[in-house]
Every structure is written in structure tokens, then in C-alpha cells.
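Based on the hints, put chain B in the right spot on chain A.
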Amino acid sequence: MTLISAFLRGFVSILQGMSITLLNLVGRRKITLQYPYQRPNISPRWRGIFYLPYNDEAGRLNCVGCTLCAQACPTGVITMTKMGAGKHASVNEFTMDLGRCMFCNLCIEACPFDAIHMSTRFELASVDRGVSLLAIDKLAQGGADAVERTRRTIEAALEQEAAAKAAAAAAKAAASAQPTEGTGA
Amino acid sequence: MTAMQPAVGASTSSDMTINLGPQHPSTHGVLRLMVALDGEYVKSCRPVIGYLHRGLERMMASRPYRQSVPFTDRLDYCASLNSNLAISQAIERIGGMAVPERAQCLRVMLCEMNRIASHLIFFGTYAADIGATTAFLYAFRERERLLDLLEAYTGARLTYNWIRPGGVASDMPEGYAAAVCTFLDGFLKELDAYDTLLTGNPIFRVRTEGVGIISPEKAIAYGASGPVLRGSGVNIDLRRTEPYDAYPQMQFDVPVRTEGDCLARYLVRVEEMRQSARIIRQCLREMPEGEHWGKQPKVFRPAAGEAYSRTESPRGELSIYLVSDGTANPVRVRVRGPSFVHLSMLPELVRGVKVADMIAILGSLDTVLGEVDR
Numbered sequence: 318m319t320l321i322s323a324f325l326r327g328f329v330s331i332l333q334g335m336s337i338t339l340l341n342l343v344g345r346r347k348i349t350l351q352y353p354y355q356r357p358n359i360s361p362r363w364r365g366i367f368y369l370p371y372n373d374e375a376g377r378l379n380c381v382g383c384t385l386c387a388q389a390c391p392t393g394v395i396t397m398t399k400m401g402a403g404k405h406a407s408v409n410e411f412t413m414d415l416g417r418c419m420f421c422n423l424c425i426e427a428c429p430f431d432a433i434h435m436s437t438r439f440e441l442a443s444v445d446r447g448v449s450l451l452a453i454d455k456l457a458q459g460g461a462d463a464v465e466r467t468r469r470t471i472e473a474a475l476e477q478e479a480a481a482k483a484a485a486a487a488a489k490a491a492a493s494a495q496p497t498e499g500t501g502a
Numbered sequence: 064m065t066a067m068q069p070a071v072g073a074s075t076s077s078d079m080t081i082n083l084g085p086q087h088p089s090t091h092g093v094l095r096l097m098v099a100l101d102g103e104y105v106k107s108c109r110p111v112i113g114y115l116h117r118g119l120e121r122m123m124a125s126r127p128y129r130q131s132v133p134f135t136d137r138l139d140y141c142a143s144l145n146s147n148l149a150i151s152q153a154i155e156r157i158g159g160m161a162v163p164e165r166a167q168c169l170r171v172m173l174c175e176m177n178r179i180a181s182h183l184i185f186f187g188t189y190a191a192d193i194g195a196t197t198a199f200l201y202a203f204r205e206r207e208r209l210l211d212l213l214e215a216y217t218g219a220r221l222t223y224n225w226i227r228p229g230g231v232a233s234d235m236p237e238g239y240a241a242a243v244c245t246f247l248d249g250f251l252k253e254l255d256a257y258d259t260l261l262t263g264n265p266i267f268r269v270r271t272e273g274v275g276i277i278s279p280e281k282a283i284a285y286g287a288s289g290p291v292l293r294g295s296g297v298n299i300d301l302r303r304t305e306p307y308d309a310y311p312q313m314q315f316d317v318p319v320r321t322e323g324d325c326l327a328r329y330l331v332r333v334e335e336m337r338q339s340a341r342i343i344r345q346c347l348r349e350m351p352e353g354e355h356w357g358k359q360p361k362v363f364r365p366a367a368g369e370a371y372s373r374t375e376s377p378r379g380e381l382s383i384y385l386v387s388d389g390t391a392n393p394v395r396v397r398v399r400g401p402s403f404v405h406l407s408m409l410p411e412l413v414r415g416v417k418v419a420d421m422i423a424i425l426g427s428l429d430t431v432l433g434e435v436d437r
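Residue numbers (this note's numbering), protein chains in the order written: chain A, 318 to 502; chain B, 64 to 437.
Some clues are possibly wrong.
[Claimed, not checked] Straight line, CA to CA, 20 Å or less: simulated SDA-like cross-link-like pairs of lysine to any residue:
{"hint": "1", "chain 1": "A", "residue 1": "K347", "chain 2": "B", "residue 2": "K361"}
{"hint": "2", "chain 1": "A", "residue 1": "K347", "chain 2": "B", "residue 2": "R95"}
{"hint": "3", "chain 1": "B", "residue 1": "K358", "chain 2": "A", "residue 2": "A389"}
{"hint": "4", "chain 1": "B", "residue 1": "K252", "chain 2": "A", "residue 2": "C428"}
{"hint": "5", "chain 1": "A", "residue 1": "K347", "chain 2": "B", "residue 2": "T196"}
{"hint": "6", "chain 1": "A", "residue 1": "K347", "chain 2": "B", "residue 2": "E253"}
{"hint": "7", "chain 1": "B", "residue 1": "K417", "chain 2": "B", "residue 2": "R95"}
{"hint": "8", "chain 1": "A", "residue 1": "K347", "chain 2": "B", "residue 2": "L210"}
{"hint": "9", "chain 1": "A", "residue 1": "K347", "chain 2": "B", "residue 2": "R208"}
{"hint": "10", "chain 1": "B", "residue 1": "K361", "chain 2": "A", "residue 2": "C428"}
{"hint": "11", "chain 1": "A", "residue 1": "K347", "chain 2": "B", "residue 2": "L212"}
{"hint": "12", "chain 1": "B", "residue 1": "K358", "chain 2": "A", "residue 2": "P429"}
{"hint": "13", "chain 1": "B", "residue 1": "K358", "chain 2": "A", "residue 2": "K347"}
{"hint": "14", "chain 1": "B", "residue 1": "K252", "chain 2": "A", "residue 2": "R346"}
{"hint": "15", "chain 1": "B", "residue 1": "K361", "chain 2": "A", "residue 2": "A427"}
{"hint": "16", "chain 1": "A", "residue 1": "K455", "chain 2": "A", "residue 2": "A387"}
[Stated by the list, open to error] Chain B stretches covered by chain A per the calculated footprint, using a threshold of three residues with CB under 8 Å from any CB of chain A:
{"hint": "17", "region": "194-207"}
{"hint": "18", "region": "213-224"}
{"hint": "19", "region": "292-301"}
[As the list claims (entries may be wrong)] Quick list of the computed label-pair ranges, beta carbon to beta carbon:
{"hint": "20", "chain 1": "A", "residue 1": "V329", "chain 2": "B", "residue 2": "D248", "range": "41 to 49 Å"}
{"hint": "21", "chain 1": "B", "residue 1": "P360", "chain 2": "A", "residue 2": "A494", "range": "47 to 55 Å"}
{"hint": "22", "chain 1": "B", "residue 1": "F363", "chain 2": "A", "residue 2": "N358", "range": "35 to 43 Å"}
{"hint": "23", "chain 1": "B", "residue 1": "F363", "chain 2": "A", "residue 2": "A488", "range": "45 to 53 Å"}
{"hint": "24", "chain 1": "B", "residue 1": "E369", "chain 2": "A", "residue 2": "E476", "range": "53 to 61 Å"}
{"hint": "25", "chain 1": "B", "residue 1": "F363", "chain 2": "A", "residue 2": "A494", "range": "49 to 57 Å"}
{"hint": "26", "chain 1": "A", "residue 1": "Y352", "chain 2": "B", "residue 2": "E103", "range": "39 to 47 Å"}
{"hint": "27", "chain 1": "B", "residue 1": "T196", "chain 2": "A", "residue 2": "N358", "range": "22 to 30 Å"}
{"hint": "28", "chain 1": "A", "residue 1": "Y354", "chain 2": "B", "residue 2": "D248", "range": "30 to 38 Å"}
{"hint": "29", "chain 1": "A", "residue 1": "R356", "chain 2": "B", "residue 2": "R121", "range": "54 to 62 Å"}
{"hint": "30", "chain 1": "B", "residue 1": "D234", "chain 2": "A", "residue 2": "A323", "range": "33 to 41 Å"}
{"hint": "31", "chain 1": "A", "residue 1": "L332", "chain 2": "B", "residue 2": "P351", "range": "44 to 52 Å"}
{"hint": "32", "chain 1": "A", "residue 1": "E476", "chain 2": "B", "residue 2": "G159", "range": "46 to 54 Å"}
These are computed hints drawn from the structure, not numbers from a lab. Just so we're clear, the structure is a prediction, and the values are computed from it rather than from any experiment. We put the beta carbon where it would ideally sit given N, CA and C, even for glycine.
Isolated chain B, as found in the complex:
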């Protein structure tokens, strides 16, 4: 009890401190929330993180540049291709590598497929957090199909390590474009059914509408990004504002909601899945011919300097900062993860709400603990 000091109000005898997690289905990983409760209301909440800390930044810094890519798989394990892209871009910038056009297009396609897979996890687990088990099972069924497609391309189901500095590790297998299109056709139909099942459900709406409101000012002040920021009415998407790879050629809408509540964040993500499907179709239609991997130096020793890459991962802005001193290993690798930033907003968001709403708010931030703890 001594470790827990409620941030607001004096602690009274009616307060109760409970630990949510580290092993709890709604914490989506090993997150522990020390919550001071006054009856059903949350007086204060303190996230305790670090259970999943593996020292990934240091591990990446003690190895040659190109060997750091598989470690980024373990950052945001729901969307590891997007993390691969972030480090690959940083390494390309520090080493001045060029990426062939086809590789850029393949990267965008892979990242968007991974974005759909990641948002499907959000969709399913968020529904399960709120109490709708059916939607969870349906979302994982669709994700299974998508993972089969990613497996056919990369040979792995979760830790892909397929976007590499200089390009993509392999080209598409034969008949892949047709398989992806077939999946997308079915998937969009399923998504409409999900909308009826969950988005239109009055119980779901009551649980999420007006809950956990983040004002645009607060979102910016905390450094929120991705769907959390766009759910608060700030139209910033790095794929649009600082486009990288083949994104400048892609036609897509950036969904923005002004409400700032849990439902807004949920709706932004669901709409993003549709836009991702649109981007994947464009990639397949306009795939340029050529190499999937650019020319690479045999020994990679970039000149002393630094590089910073910003990418839009499904959770928000994932950035990687690299410092080189001219040797084969980087001096410092720093990961700026969106989940960590979003989790830091939680204590303020849940103050004074009911316990059940706290779960809804935590779920709507869609944090992945692999990236919070690193």
C-alpha cells in the first residue's frame, strides 16, 4: 500500500487498491495496473511496465546493422513488418542505399496487409474486452486467412523479418496477386457484417460513446499518434504528411473523427482497414517491374552520423533513431514507439471513470506491450 499513492484526493479507508494484471486478459500482454478504487470508481491508476523488457535497443546496437532487423519483429509483434520497415528505412538513410521501385511497392503492400491483421486483432480483442465474444472469433478467422497469405509470401506467421535494408527479401510467389484479391473481396464483405454485428450494436455503442474523451490539444500535448490522434480530430497521417516508399503514388483517404472517444478510435481503425484494402489493390494493379532488392555493399560500414526514420505503424508513429561512428555496429539505436506514449495517457484518462470503462479505454488505445517495454 505504501507504494501506491493516489494522485488525487486523500486516501480514505473506503479506498481499495487492486492490481489489474500482469496476467489479465484485458491488459493484452504483461501490463500491471495498480488501481485505487473508491467503490466502482477509479481514483487513480498507475501502469507498471517493464515485465517484457528485453533490452532490444542495446541488443540491436551491439550487432551489425543488418542483423538488427529480426529484433524489430519483437517490438510490435502484431505488426512486425511495419517495424521492419522503420529500421530498414533508418539503415537505408544512414548508409545511403536506394530501394528499387518494385521493392517499394511490395513493402507498402506487405505493410498494409500487416496493418489489416493488426487492426483485426484490435477489433477482436476490443469486442472481447467489452463482452462480445462472437466478433472476436470472426475477426480471428479473417486474420487467419491473412496470416496464411503472409505465410505464403514470407514463410512466417508472426515474426516475418522480410522487409530488409535495401528492399524486400523475396519477390511474390506465383499467383499471389490473385490470392490476395480473392481474400480482399471476401474480407470487405465480412467487414460489413462486422459493422452490423458490433458497430451497430446498441450495447457496444453505450459502452464506447462518450467514454475516454481525448481532446485534440491533449492528444498533441501527450504526443499521441495514429488512430488515437485521428480519433481526436487531428488529421495527421505520416503516410500522407511525410510519405515514404510508394505511398505518394497511392490514392487513399485518411479517416478522421472529431469525437475523441473510444468509439471514434474504433471507427477510425475499422475505416483504416477498408483504406488498407484499397491501397493493397492499387499496389497489385500498379506493381512496377524490376528487382525486389537493390544493390548492397558487402561490408556495411556507414560513415559517422545519424539517421531518423518516421513511419506510420498501425498504432501510430514508429520512429527509429540510429547513430553511427563509422564501425560495423551502430552506437545507439533508439525506438520511439506509439504504444508507450498512448499508455502514458491512461492515468489521466481513467481518473474518475468506472472500472468497466477503464477496460474500454485501455482497449481503445490498442497498446502492444512488446513495444512499450522493448
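Excised from the complex, chain A in its bound form:
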């Protein structure tokens, strides 16, 4: 008797289970994405591959080479060399080793100049380790061209600054020379 009732209970539960499965089979849209052909709808906040924003108005990358991001990084992903000095500074080289990156967002939060961003690009797989080592021409928005333009902007600004300094020094020298002449006369 218990065997029969157990069998009946099992049968009912199979029917219940099958009805749920059937509802899911016919009554629902497929949730599976055929990935390489269908692209996922990625959130704009997605933490993907990095880029260094290029400022069109200023004609340069936002980065000033302050190394705050490199200091904030827990795994030492970022290395950079500075270019220029003072107000007119940017980076010569800026390398990120994404093979070590945790995509933790700490570098972006550390940056006071809004100079490093994450894109929605996420495909990092490669057969060569070198591919995940991103140099500045890969990272800069606008590529090598943007880096070159930044270099020119910085150099021009530095020259201008040097010229202005020289002119100011000359003017100062002239100004300090004149009063002595004045007293002499």
C-alpha cells in the first residue's frame, strides 16, 4: 500500500515538474545569447579595457603623469614616464599590463584629472601574453596620433613658457637696469 502511494506521489510530482518545464519550453523567450553573433547589452558602467581620454579643445591627453593611479593600484599594473614639467606635463610612455589587472576601479577613482577611463570593451582573450601589455598608443583615445599631438602641444607650450620666461627675465633685467641709470642721471 505504501509502495503504491509512493508511486502515485512520484507520478504526480513528475506531472507537476513536467508542467513547469513545458511552460518554460513554450511560454518563454530564449535567454541564451549566441555570443559571437549576438552581442550582449553591456551596462555603460562596465569595467572593461582602459583608455586615456583625449581632450580635443586642449589638443592633448588629460593625463599629467602624476602617478597617483600607479600608486593606487594594488597589483602594480601601471608604469609611466613623464613628459614636460609644471603646468605643461603629460606622459611619454604609459603601459598597463592587463594580465595582472583586477579591474577594481581604484586607479580611476584615484585620478584627479579624469585622465583614465574604462570602456565597455571586454574581449581580452589572446594566445600571446604581449597582447595584454598595452602601450600608450593602444590606450590613448585616438591612438598614436593623439599621443603625437599631445607631445606637440606640450612642447609648444613649454617653448612658449620658456620664451615668456625669457622675455619676462629680459624685461626685469631692463627694468632693474633703468632705475640705476635714472639715478645716475
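For chain B alone, kept in the frame of chain A given last:
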């Protein structure tokens, strides 16, 4: 064979030693169980751990405090926001930081969403361990929706690193509350269907009822926590007994079962998903206005001392102990993970049971090896 000494009874020629894992679908990670079998029965079992050891405690101790948060993502990777919360609380306590009210509420919401995601993994993989593939696929479908929501908030799908010392890294995106509510409505309906599909299934019940019974005394003696402890009839939930963040304001029930078997632990987790949904709704309804991030010192060098934070992760009590000597890096970071404690109960629980029951018991403990090995 020499390394394996069965704990009870003398080894006879009919015994067989097998290795379950390190790569086995039911070990949920890289866990190796050295099992001595007498026919279909388990004579003894010895878990071999450490395959996933990365030295996370030392790595955290050799970096400035705030850089240790992303490493906690790798502890319990099924619920990394809960691990973020544990270390953030410890750092806040050692540095005396205040957390704004809105940030507290956002934290609770994120943690409960992660709790549902984590319990859905348990639900799915436990069903798969026992042999029900359909429930596994359904659970992962719902989890996918939840991960999409977490992705919209944090930008990551597994290692979020979004709860930080002093608050939460960002506020909610626009229209987020409505999206979460829509998900919860659908999710609760799905959960009822899962109950019919799996909880009511006689085969599932036979496989779990009365299997792997943990008495309340034994659970306490081992230091069990979370659903394993509450499945044994001990009503301790740190969200209730030592509430932190916005939990004191939240109305929720703590599910407790007295049976102490695999089914009890399973039912506690399923009911917890419903309660988590309730908490998330309350958070969204009563979200205070204000900042999501408190004021923070630019250079963080807490005074010499120590701090201990206890949190209720989906697996149980996750605690972090920090020692500071006044420099920028902690001297010691110690993680007390629930999975390690629960795994240590396994040899005693599986002695004398059948192999298939051992899988059911291991699954019901819901261990995550990232947290066991650290």
C-alpha cells in the same frame, strides 16, 4: 595508501581508497576528498585543501588598507560584496570612519542582492549534485538577471569591489529601483515554481531528508554559522543578534529549522532568498537621501590597535581581524571564513554514509573553496 589512515576501524583488504576531486563537479572548486570506501559505504573521509591558496591574508597585509578590498572579492567569489563589507567594516572600525545613512542602506541592498545570487548558485548546484538538471538551469537563468542588475550598478559581474571603507563606490544608476522591483516580482514567482519543481519532488526529499544530521550541540561545538547553524535549530543570525549598517531598521524573519538534516539547510536557504527580497524592497522604499560616500582622510594611517568585524555572509559568519601599528599597511589581516569551519565538519558527518549521501551532505554545507583556502 600510506598517507591515508582510516580514522575508524582497521583497514581491510576489501577497503578501497578513492580520490574525489580535485577536479570534480560536486566539489564546487578545487577540493580533494580522500575517501576510504567499504563497498558503497564511506569508512573515512579526509578533505585535502590548499589547491586554491593564494596567500590573500599576507597580500592584504602588505598593501595600504584601502587596497585590500579587491582581494576580498576573491575570498567568497559567489558573494563578493559581502566580503567587501566585512573588510570595509574592519577598516572603518580601526580608522574611526563614519558611514552615511544612504551608504548603509545601499550596502544592505547590495549585500542582499548578492545573497540571493549566492543562494541561487547553491540551489542550482545542489539540485545538479542530486541529479536534477532542470532546476540548475532555471536557477542560473534567474541569477543571470540578477547579475545584469549588479552589472548595471557596479560594472562587474562577479568581483564587484564596490563596497569600500566609508561607503559605497557609487550611487544607484537612474531608474535602478524600478528595475530591481521588476526583477523581484518575477523572481518570487519563479521561486514558487522552484518549490514545486524541487522542494516538493519525492526523489529530492528522499535524498535529503534525514541525511547528514547535525545536532545543535555539534553545530555549536564546531563553530558552524549561517544556514548550517540555523538548519540545526540554533537561532543566531548576526544581522539580528549583532546588527550592522542599516539592518536594525529592517523587518525580516530569520528562518530556522530544527531537523538539522540536508533538507533543513536547503529550506533555510530558500526561505532566506524570500527574506532577502523583502529586505531589498524595504531598502528601496526607505532609502534615505544623502551621500553615498563619507568623508575620508587622504592618507589613511590608523592609530596602533586592532579591530574585528563580524558579518553574516550567505555562508555564515565572515569575520575580519585587523592589527595596525600606525603605518599605512596593516600588520596582520586574518579572515575567519564560514566555509572552512563547515568543511571541517565533513569527515564526521560522512562517516558510515553511502557515497551518494556524501555528495548530498557536501553540497548542503555550501562551501566555497576560495574562502577555505584563501
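Subject >> Hint numbers contradicted by this structure >> reply: Checked against the structure, the hints that fail are numbers 1, 2, 4, 13, 19, 20, 29 and 30, while the rest are satisfied.
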